[in-house]
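Enquirer: Listed here are the chains, written in short residue letters.
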Amino acid sequence: MAISRAEVEHVARLARLGLTEAEIEALTEQLGRILAHMEVLRQVDTRDVPPTYHVLPLQNVLRTDTVQESLSQEAALRNAPQAEAGAFKVPKITEG
Amino acid sequence: MSATTKLTATRLNRLFLAGELSAEEIVEAYLERIQAVDGQVGAYLTVTAAEARERARKLDARRKAGDTALGPLAGVPVAIKDNICTQGIRTTCASRILENFVPPYDATVVSRLQAAGAIIIGKTNLDEFAMGSSTENSAFQVTRNPWDISRVPGGSSGGSAAAVAADLCAAALGSDTGGSIRQPAALCGVVGLKPTYGAVSRYGLVAFASSLDQIGPITKDVADAALLLSVIAGYDRRDSTSHPDADRLQRIQLPTDPNLSGIRVGVPREYFAQGVEPGVRQAVEQAIAKLAELGATVDEVSLPHTEYALDAYYIVATAEASSNLARYDGVRYGLRAEADSVTEMYLRTRQQGFGLEVKRRIMLGTYALSAGYYDAYYKKAQQVRTLVIRDFEAAFRRFDVLVAPTSPTVAWGLGERLDDPLAMYMADILTIPANLAGLPAISIPCGLSQGLPVGLQIIGRHFDEPTVLRVAYAYEKVTQHHQTRPALGQ
Numbered sequence: 001m002a003i004s005r006a007e008v009e010h011v012a013r014l015a016r017l018g019l020t021e022a023e024i025e026a027l028t029e030q031l032g033r034i035l036a037h038m039e040v041l042r043q044v045d046t047r048d049v050p051p052t053y054h055v056l057p058l059q060n061v062l063r064t065d066t067v068q069e070s071l072s073q074e075a076a077l078r079n080a081p082q083a084e085a086g087a088f089k090v091p092k093i094t095e096g
Numbered sequence: 001m002s003a004t005t006k007l008t009a010t011r012l013n014r015l016f017l018a019g020e021l022s023a024e025e026i027v028e029a030y031l032e033r034i035q036a037v038d039g040q041v042g043a044y045l046t047v048t049a050a051e052a053r054e055r056a057r058k059l060d061a062r063r064k065a066g067d068t069a070l071g072p073l074a075g076v077p078v079a080i081k082d083n084i085c086t087q088g089i090r091t092t093c094a095s096r097i098l099e100n101f102v103p104p105y106d107a108t109v110v111s112r113l114q115a116a117g118a119i120i121i122g123k124t125n126l127d128e129f130a131m132g133s134s135t136e137n138s139a140f141q142v143t144r145n146p147w148d149i150s151r152v153p154g155g156s157s158g159g160s161a162a163a164v165a166a167d168l169c170a171a172a173l174g175s176d177t178g179g180s181i182r183q184p185a186a187l188c189g190v191v192g193l194k195p196t197y198g199a200v201s202r203y204g205l206v207a208f209a210s211s212l213d214q215i216g217p218i219t220k221d222v223a224d225a226a227l228l229l230s231v232i233a234g235y236d237r238r239d240s241t242s243h244p245d246a247d248r249l250q251r252i253q254l255p256t257d258p259n260l261s262g263i264r265v266g267v268p269r270e271y272f273a274q275g276v277e278p279g280v281r282q283a284v285e286q287a288i289a290k291l292a293e294l295g296a297t298v299d300e301v302s303l304p305h306t307e308y309a310l311d312a313y314y315i316v317a318t319a320e321a322s323s324n325l326a327r328y329d330g331v332r333y334g335l336r337a338e339a340d341s342v343t344e345m346y347l348r349t350r351q352q353g354f355g356l357e358v359k360r361r362i363m364l365g366t367y368a369l370s371a372g373y374y375d376a377y378y379k380k381a382q383q384v385r386t387l388v389i390r391d392f393e394a395a396f397r398r399f400d401v402l403v404a405p406t407s408p409t410v411a412w413g414l415g416e417r418l419d420d421p422l423a424m425y426m427a428d429i430l431t432i433p434a435n436l437a438g439l440p441a442i443s444i445p446c447g448l449s450q451g452l453p454v455g456l457q458i459i460g461r462h463f464d465e466p467t468v469l470r471v472a473y474a475y476e477k478v479t480q481h482h483q484t485r486p487a488l489g490q
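In order, the protein sequences belong to chains U and X.
Residues in the first sequence are numbered from 1 upward in steps of one, following this note's numbering.
Residues in the second sequence are numbered from 1 upward in steps of one, following this note's numbering.
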């Protein structure tokens, strides 16, 4: 099953991934080939087979909520592209 | 000088503790070698010369002052794959999006190495965000195979493997999501160990596919792999997938006797199917015969779902990656492309910051998780994963370890597979199943084919690194393959 150009553009929007014209074309072709290869999985009978999300039987890893040292505000903001008044600064989010 | 850089971590530590080599001498020998040879190899993205010298001076001072708690890696220069956070040292993941990222903290493995006396000598190249099998997806530079600089070193930990093979560090850390430690180790003729999932803390490892990622050592021999594992393994409350049994791996005894009687070795027939080069098959079959000579019982076994592992993996890994890489949005760290609205900023930042393979995987993963496709791809892949795990469980009822080639081929030419993502993905076909099942697996050198290294892969049960290492160590003791080094810069 090939993937259409419209689907590629839709998935790119979902992933907030800007793509050039050339990338959209290349990805439509390549993802189509990769997804066609993955069709092989349809041959596998997985009725009543539970999915594995974690390989180790760890459950509900809890710890007590204790006060401890953490990054300073300054250290946490040091890599920020833009910061102001102790916060990350971004372009406007709402219209109007 | 070059004699120093050939030594194993175990030997360097012994010479340092005995006062026969100072840490400064060791560090200078490596910096000199990096200066002379890394221009050809391209293993390092960052060489931490000043920090390493400073640390060496402190270690020398402590030793002279009679400090007897210097640690099992004291004086040993170790390279770190550049997707593992180092406080105050740029950690790029070989991506434009993190080109100027300086972590405010150390990964747990880095803290553990330093507590054991190791000297961080630099950060090594990788495929961007560890996505690739040749290290060619780095945004910054090409790394070449020290055995033949027209060929790839494998990947994604190609910088770490090439650095160990070219004597540019005593040992290195890599990360392995689908073979990224074992495959480059095989292609560069060194030892690479992927520990059991949950054995080594992932805290500070930049996440690619969280249910598969695991940090491990790349070393010159098996004893060094055991040594580094014993240092980096252990429970860590900062990693919710860290396992309490991990602490057991801090005390691994390698038997001096290479006798393997009582060890049951399974040879999965599917791992020798089409695509495995004759020269690789021959070297691995000879290695298996050697294990039998050492007293192991060897028999064939079937892992019938092997042929589905690759496709299941590329769904699971890309799905997890698409989620993990959502954090690179230009807000808190990394690259930001200027724009008038926040959505436009996301789109442009990610467009400019990610390379093509990363984009390909984000797209594939987002597609597999998207409405209408989830059951057909993601859920199906996780069910197939269960079947792959059941195959292993059945095999490990009869066998203690499974042995196979690490990579179906030796190192291929630079650029050969760049335009064919599927051909590149095939490079991981024999290493991926161990990641899907979370099993420990090692690659050790077992000879040459066409003058290039071949790796023998040994897979064990969960947390049974001691048996995996015992078999690897026995083989190494009675062979010389691990001592064969590339001629580069000699």
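A couple of the hints might just be wrong.
Stated by the list, open to error - Between beta-carbon pairs, the in silico distance windows are:
#	chain 1	residue 1	chain 2	residue 2	range
1	X	264	U	69	17 to 27 Å
2	X	300	U	37	25 to 35 Å
3	U	57	X	397	10 to 20 Å
If you're looking for bench data, these hints aren't it; they were derived computationally from the structure.
For every residue, glycine included, the Cβ atom is placed at its ideal position computed from N, Cα and C.
Enquirer: Does the Cβ distance between residue 264 of chain X and residue 69 of chain U fall inside 17 to 27 Å?
Expert: About 49 Å separates the Cβ atoms of residue 264 of chain X and residue 69 of chain U, which means 17 to 27 Å is violated.
Enquirer: Would you say the C-beta atoms of residue 57 of chain U and residue 397 of chain X sit inside 10 to 20 Å of each other?
Expert: 18 Å, holds
Enquirer: Starting from the range 25 to 35 Å, see whether the pair residue 300 of chain X and residue 37 of chain U falls in it by beta-carbon distance.
Expert: 28 Å, holds
The structure is inconsistent with hint 1 alone, although it conforms to all the rest.
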